[in-house]
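> Sequence:
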Amino acid sequence: PAIIIWSLYNEDWGVQDIATNADTRQYVIDTYHYMQINHPQFLVVDNDGWRHISLEGRLKSDLLTAHLYTPDPDHWRDLLTRITAGQMEGVAAFSLVVGDPFFYRHQVPFVISEWGGFGFANYGGPNDSADRTDRIRQFKQELRRHAIAGDVYTQATNIEEEQNGLIDFHTGELTVPEGLLRSEEGE
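Positions in the sequence shown are counted from 1; adding 347 to them yields my numbering.
Errors might be hidden in some of the hints.
Think about it this way: if two alpha-carbon atoms lie no more than 25 Å apart in a straight line, the pair counts; the simulated SDA-like pairs of lysine to any residue are [as the list claims (entries may be wrong)]:
no.	residue 1	residue 2
1	Lys487	Gly437
2	Lys487	Ser401
3	Lys487	Asp447
4	Lys487	Leu521
Please keep in mind that the hints were generated in silico from the structure rather than gathered at the bench.
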């Protein structure tokens with residue numbers, strides 16, 4: 348294990364008023380700068396998943412990240428197309444950027460830091476491991492077609508009602524083919 352990214356907040360947890368409170372945004376900005384100065388070897392993400400902060404048109408995060416969840420391949424394709432074209436509204440649970448206007452033109456790497464949450468009851472996702480494997484493969488292939496610097500599938504094992512796991516919690520065995528989530532096909 349290694350730390351490569353400091354994520355200050357995740358999905359507004361702890362900074363729920365980030366969109367409406369300038370003091371909260373300033374606190375996160377100050378913390379971002381503190382981490383950059385004191386830990387320059389790491390990337391720093393202000394608020395992973397959505398509501399990144401823009402100040403004077405500059406993102407206060409080393410990565411633009413999004414948490415994208417849908418079981419529908421057509422909607423997935425549409426989300427990826429819109430977000431990589433710079434659309435910051437209506438592509439995630441909340442606006443991807445708050446604060447000053449920000450126009451995404453690939454100034455920072457874009458990472459989908461959570462995707463694949465198919466395994467909720469009545470969510471419309473795959474019903475078994477084979478279906479989940481096919482859906483993951485289909486979604487990963489679509490990811491490869493877009494200007495995305497990286498992605499993180501959620502999650503390694505099933506947790507309570509979230510049945511998205513790729514590894515059996517009890518045995519440690521893979522429940523999908525090895526290499527399914529590789530960034531390059533065929534490696």
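> Does each hint fit the structure? Answer for all of them.
A quick look at each hint next to the structure:
1. The hinted pair formed by Lys487 and Gly437 meets the criterion: a straight-line CA distance of about 21 Å does not exceed 25 Å.
2. For the hint linking Lys487 to Ser401, the alpha-carbon distance of about 29 Å lies beyond 25 Å, and the restraint is violated.
3. Between Lys487 and Asp447 the CA atoms are separated by roughly 33 Å; this puts the pair beyond 25 Å, and the hint is violated.
4. For the hint pairing Lys487 with Leu521, the CA-to-CA distance comes to about 18 Å; that is within 25 Å, so the pair holds.
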